[in-house]
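Participant: Sequence:
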Amino acid sequence: MGNSDIFKLGDRQEIPIFVSERFKKEIENNELTGMEFYEIKVI
Numbered sequence: 001m002g003n004s005d006i007f008k009l010g011d012r013q014e015i016p017i018f019v020s021e022r023f024k025k026e027i028e029n030n031e032l033t034g035m036e037f038y039e040i041k042v043i
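Heads up, the sequence shown is in UniProt numbering, so the first residue is 1 and it goes up one at a time.
Don't read these hints as lab results, they were simulated from the structure. Treat the hints with care, since some could be wrong.
To be verified - 27 Å max Cα-Cα, derived DSS-like pairs, lysine-lysine:
{"no.": "1", "residue 1": "K41", "residue 2": "K8"}
{"no.": "2", "residue 1": "K24", "residue 2": "K41"}
{"no.": "3", "residue 1": "K8", "residue 2": "K25"}
{"no.": "4", "residue 1": "K41", "residue 2": "K25"}
{"no.": "5", "residue 1": "K8", "residue 2": "K24"}
Stated by the list, open to error - Each pair of labels, with its calculated beta carbon distance range:
{"no.": "6", "residue 1": "D11", "residue 2": "E31", "range": "16 to 24 Å"}
{"no.": "7", "residue 1": "K41", "residue 2": "K8", "range": "17 to 25 Å"}
{"no.": "8", "residue 1": "M35", "residue 2": "L9", "range": "28 to 36 Å"}
{"no.": "9", "residue 1": "S4", "residue 2": "K41", "range": "15 to 23 Å"}
For clarity, every value in this text was computed on a predicted model and none was experimentally measured. Backbone N, C-alpha and C fix where the C-beta goes; we use that ideal spot for every residue, glycine too.
Using the sequences and the accompanying hints, generate a full structural model.
Facilitator: In structure tokens, the structure reads:
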């Protein structure tokens with residue numbers, strides 16, 4: 001993972017794709033649609 005802005009755990013479709021805050025901000029800044037973001041608790 002390291003400095004990756006987007007990653008997925010495993011090869012299964014039902015597992016969500018995780019993105020960084022930086023990636024999310026770029027999506028919002030460019031007014032792209034069709035995505036939903038949910039904040040997850042990092043432990």
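Participant: Where does the structure disagree with the numbered hints, that is, which hint numbers, in rising order?
Facilitator: Checked against the structure, the hints that fail are numbers 6 and 8, while the rest are satisfied.
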